[in-house]
Amino acid sequence: MHDPRALLDPGNEAVRRLARRGYTLDSAALEELLSSRNSGIKTADDLRAESKKLAGEVGKTAKAGGDVTALKERARELKDEIKQAEERAEAASADLRDLMLNIPNLPLDTLPDGFSDEDATEVRRWGTPPQFDFTPRDHVELGERTGILDFARATKLSGPRFRVARGAGAALERGLASFFLDLHTREHGYTEFSVPHLVMPSALLGTGQLPKFEEDLFRTAAGTRDLYLIPTAEVPLTNLHADEIVEPGDLPLAYTAWTPCFRSEAGSYGRDTRGLIRLHEFEKVEMVRIVAADSSQNELEKLVGHAEAVLQKLGLAHRTILLAAGDTGFGAQMTYDVEVWLPGQDTYREISSCSDCGQFQARRANIRTRTDEGKREFVATLNGSGLPIGRTMAAVLENGQQADGSIVLPEVLTRYTGFSTIHADGKTD
RNA sequence: GGAGGCGUCGCCUAGUCCGGUCUAUGGCGCCCGCCUGCUAAGCGGGUUUGGGGUUUAUCCCCCAUCGCGAGUUCAAAUCUCGCCGCCUCCGCCA
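Per the numbering used here, residue 222 is the first one in the first sequence, and the count goes up by one each step.
It should be emphasised that the hints constitute simulated quantities derived from the structure, not laboratory data. Treat the hints with care, as some may be off.
Stated by the list, open to error - Derived lysine-lysine pairs resembling BS3-like cross-links, with alpha carbons at most 25 Å apart: (1) 300 - 274; (2) 273 - 284; (3) 274 - 284; (4) 304 - 284; (5) 534 - 523; (6) 263 - 274; (7) 293 - 274; (8) 263 - 273; (9) 263 - 304; (10) 304 - 293; (11) 284 - 263; (12) 300 - 263; (13) 304 - 274; (14) 281 - 293; (15) 300 - 273; (16) 284 - 300; (17) 300 - 281.
Please work from the sequences and hints to get the whole structure.
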């Protein structure tokens, strides 16, 4: 969410910047809502001041033995006027809030123009895609032939877009998660968290999934509780400090958590229907950074570096792209995607998305800190995948496949899995 | 799920029975100043948060804020109802 006054400040060029992502800002409507809310508040406040004064007079007059019937009559009238003024102010306030909650973040001017991943700027590449003297299989075929992935039975249990991992596959998932967490906590300075996977609507409002993207979420109901399954650990991790003032000396905060992520994938019917790429439920290690507002750009470079480091330790070829203004997510002002090479698809595919949200989420979630002068100020928040378990497993399987049908794992994983090769029959050593 | 207790300005706390003098008491902490070779002590002052108006480096004024929300009343920290959270005991449970 933005500060409405800042959005109306011509110096911020909000109209032009939002247009780059296809959002048309109606400044006139915004200005009208803001001034009508403010004048409503003023009117109600002034009437309340008069009412308070009158109540005091009633008390004094009564004590002195005077007649208070006229005063009381006027006070009752005033009460009705206050109620009406409050209702007007409340209505304008609610309309303003609805509008504000649906305005996306301002993309930074450094982002390329455009609306799709084809408009992104490639920032750097690392490693060389492996060459095969046979036609490489995709991870679905590799997983099913070795018996470590079972999509048919997952469908039997839960319908499309789920996975069952078995034996070495399940161990590999667990090993990947442990490896990611160890790397981030020991070498990148993150604090590991275990967090709830069900959250209240207020948390999703804070990070920007609600109210606009409700259809992307799984919603649960039990008794009077109304809880959502988290689509990413970004939600609980960022909202840990909602409604708090974080001491400046504690910044930057660097948090990581391994959680399942639940996404309805509404609107993506027919896309990536095979395999581990797009599931309703997947596991991910997420990184969140809560930082001073003026350092968010530097912090984004660190964050994306941490995501890239995971792939480098795994020896997986990847590239990093800067998303176009129109392709950047609702809450972000700048996003890097890291894409890993998938031999089965003969292309780079997104494996991490690292975003600088500026103060956008902090204002929604009310996360603040203090400036040097002791004034309260919203922090900046960043989040990035580090990494998703499923897509990483797909990359590990596809990149490590051998002519004989076996899969050689990255060396760094062997101490986590206890094996370095998955043979064609699913056995390991 | 049952019974009881508690929720006040960063922390602790007075006030709630019996509505107006609450512009919420006091202590701790913190900030500013005075005093003093230095430090400590002492003395004086300040210190909830959010919004609006005015002005815009300031200041000033107003409104709201005693867990949250509704109600009664001219007037609510105080009375009524609902909800939430925490604590203790019982039941159930991984």
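So, going through the hints one by one against the coordinates:
1. Note on residue 300 and residue 274: the hinted pairing holds, with a Cα-Cα distance of about 13 Å set against a maximum of 25 Å.
2. Restraint check for residue 273 and residue 284: satisfied, since their Cα atoms lie roughly 17 Å apart, inside the 25 Å limit.
3. Taking the CA atoms of residue 274 and residue 284, the gap is near 16 Å; set against the 25 Å cutoff, the hint holds.
4. Distance check on the hinted pair: residue 304 and residue 284 sit about 28 Å apart at the alpha-carbon level, beyond 25 Å; violated.
5. Pair hint residue 534 plus residue 523 holds up; C-alpha atoms about 16 Å apart against a cutoff of 25 Å.
6. Pair hint residue 263 plus residue 274 holds up; C-alpha atoms about 17 Å apart against a cutoff of 25 Å.
7. Distance restraint check for residue 293 and residue 274: the Cα-Cα separation of roughly 12 Å lies within the 25 Å cut-off, and the hinted pair is therefore satisfied.
8. For the hint pairing residue 263 with residue 273, the CA-to-CA distance comes to about 15 Å; that is within 25 Å, so the pair holds.
9. Distance check on the hinted pair: residue 263 and residue 304 sit about 13 Å apart at the alpha-carbon level, within 25 Å; holds.
10. Taking the CA atoms of residue 304 and residue 293, the gap is near 17 Å; set against the 25 Å cutoff, the hint holds.
11. At most 25 Å may separate the alpha-carbon atoms for a hinted pair to count; residue 284 and residue 263 exceed this at roughly 32 Å.
12. In summary, the hint linking residue 300 to residue 263 is supported, as the alpha carbons are separated by about 16 Å, within the 25 Å threshold.
13. Taking the CA atoms of residue 304 and residue 274, the gap is near 17 Å; set against the 25 Å cutoff, the hint holds.
14. Of the pairs offered as hints, the one joining residue 281 and residue 293 holds, with about 13 Å between alpha carbons and a cut-off of 25 Å not exceeded.
15. The suggested pairing of residue 300 with residue 273 holds, with an alpha-carbon distance near 10 Å, which does not exceed 25 Å.
16. Distance restraint check for residue 284 and residue 300: the Cα-Cα separation of roughly 23 Å lies within the 25 Å cut-off, and the hinted pair is therefore satisfied.
17. The straight-line distance between the Cα atoms of residue 300 and residue 281 is roughly 20 Å, inside the 25 Å bound, and the hint therefore holds.
The structure is inconsistent with the numbered hints 4, 11, although it conforms to all the rest.
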